[in-house]
Amino acid sequence: GALVRVELPDLTGKIIPVVKLTAQGGVKVDEGLIELPDFGFLLTGSTAKIEGGITLGNACDAMNWKSPEDGMSWTVSADRAGEYAVEMTVNGLHGTEPLETEVDLSVNGETSRRSVRHDRDIEALIARYHRGMIAELGNVALKAGENHIALRLAEPAARDMFRFASMRLIRR
9 GALVRVELPD LTGKIIPVVK LTAQGGVKVD EGLIELPDFG FLLTGSTAKI
59 EGGITLGNAC DAMNWKSPED GMSWTVSADR AGEYAVEMTV NGLHGTEPLE
109 TEVDLSVNGE TSRRSVRHDR DIEALIARYH RGMIAELGNV ALKAGENHIA
159 LRLAEPAARD MFRFASMRLI RR
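With our numbering as the guide, the letters of the sequence shown map in order to residues 9 to 180.
I should point out that these hints are in silico values taken from the structure, not numbers from a laboratory. Mixed in with the good hints, there may be bad ones.
To be verified - Straight-line C-alpha distance at most 16 Å; calculated EDC-like pairs for lysine to aspartate or glutamate: (1) LYS74 - ASP112; (2) LYS57 - GLU77; (3) LYS74 - GLU163; (4) LYS151 - GLU91.
Claimed, not checked - Label pairs and their calculated CB-CB ranges: (5) ARG180 - GLY153: 11 to 21 Å; (6) ALA149 - ASN66: 28 to 38 Å; (7) GLY153 - SER75: 25 to 35 Å; (8) GLU110 - ILE178: 33 to 43 Å; (9) PHE47 - GLY153: 35 to 45 Å; (10) ARG180 - THR63: 32 to 42 Å; (11) SER75 - ARG180: 14 to 24 Å; (12) SER75 - HIS156: 15 to 25 Å; (13) ASN66 - ALA89: 35 to 45 Å; (14) ARG180 - ARG125: 30 to 40 Å; (15) ASN66 - ARG88: 29 to 39 Å; (16) SER85 - ILE58: 19 to 29 Å.
Idealized CB from N, CA, C, for every residue including glycine.
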């Protein structure tokens, strides 16, 4: 018969759990990220295809952006075509100033440069150690069905300090 298996990885020292789902038999599992009702998409390092030397920290934040080959990408499946606001959360240590940098955001092969500026704070992810800063990156258009989204840093000087936590695509 059909079998669905859920694998829980070792979560020791991690904050954000990741679940692996596999299926055998007549069960179909959609690959990629699906749109959440009344919201959009949440793109994280744990759900990304990682290129280059990027590593994931204890809070699943992507760090060690050191070369032009370093990047992350996601495949998302939109219910219908539409505009989405883009918000990026960047982590930093308490007492540090937000890093102002530029990213190249690609949607279905169309790349645009976006400024990552400190727009607002969020609560500490780990009390005393990390804080999150949200940058509003404007809007992107997604087509109905499968969309490919990629992220790279544009400024080499920023690569050793950039800590990507997540990117939200919020349906307008």
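Hints, verified against the model:
The suggested pairing of LYS74 with ASP112 holds, with an alpha-carbon distance near 15 Å, which does not exceed 16 Å. For the proposed pair LYS57 and GLU77, the alpha carbon gap of about 13 Å is at most 16 Å, so the pair holds. Taking the CA atoms of LYS74 and GLU163, the gap is near 10 Å; set against the 16 Å cutoff, the hint holds. Restraint check: the Cα-Cα separation between LYS151 and GLU91 comes to about 9 Å, which is no more than 16 Å; the hinted pair holds.
Restraint check, ARG180 to GLY153: a C-beta distance of roughly 18 Å satisfies the suggested window 11 to 21 Å. Taking the beta carbon of each, ALA149 and ASN66 are about 35 Å apart, inside 28 to 38 Å as hinted. At roughly 32 Å, the beta-carbon separation of GLY153 and SER75 lies within the given 25 to 35 Å, and the hint holds. Hint check: GLU110 to ILE178, Cβ distance near 22 Å, so the stated range 33 to 43 Å is violated.
Taking the beta carbon of each, PHE47 and GLY153 are about 18 Å apart, not inside 35 to 45 Å as hinted. The supplied range of 32 to 42 Å is met by ARG180 and THR63, whose beta-carbon atoms lie about 34 Å from each other. The beta-carbon spacing between SER75 and ARG180, approximately 34 Å, falls outside the hinted interval of 14 to 24 Å. Roughly 21 Å separates the CB atoms of SER75 and HIS156, a value that falls within the hinted 15 to 25 Å.
At about 38 Å, the beta-carbon gap between ASN66 and ALA89 stays in the expected band of 35 to 45 Å. Range check, ARG180 to ARG125: Cβ separation about 21 Å, and the 30 to 40 Å hint is violated. The supplied range of 29 to 39 Å is met by ASN66 and ARG88, whose beta-carbon atoms lie about 37 Å from each other. Roughly 20 Å separates the CB atoms of SER85 and ILE58, a value that falls within the hinted 19 to 29 Å.
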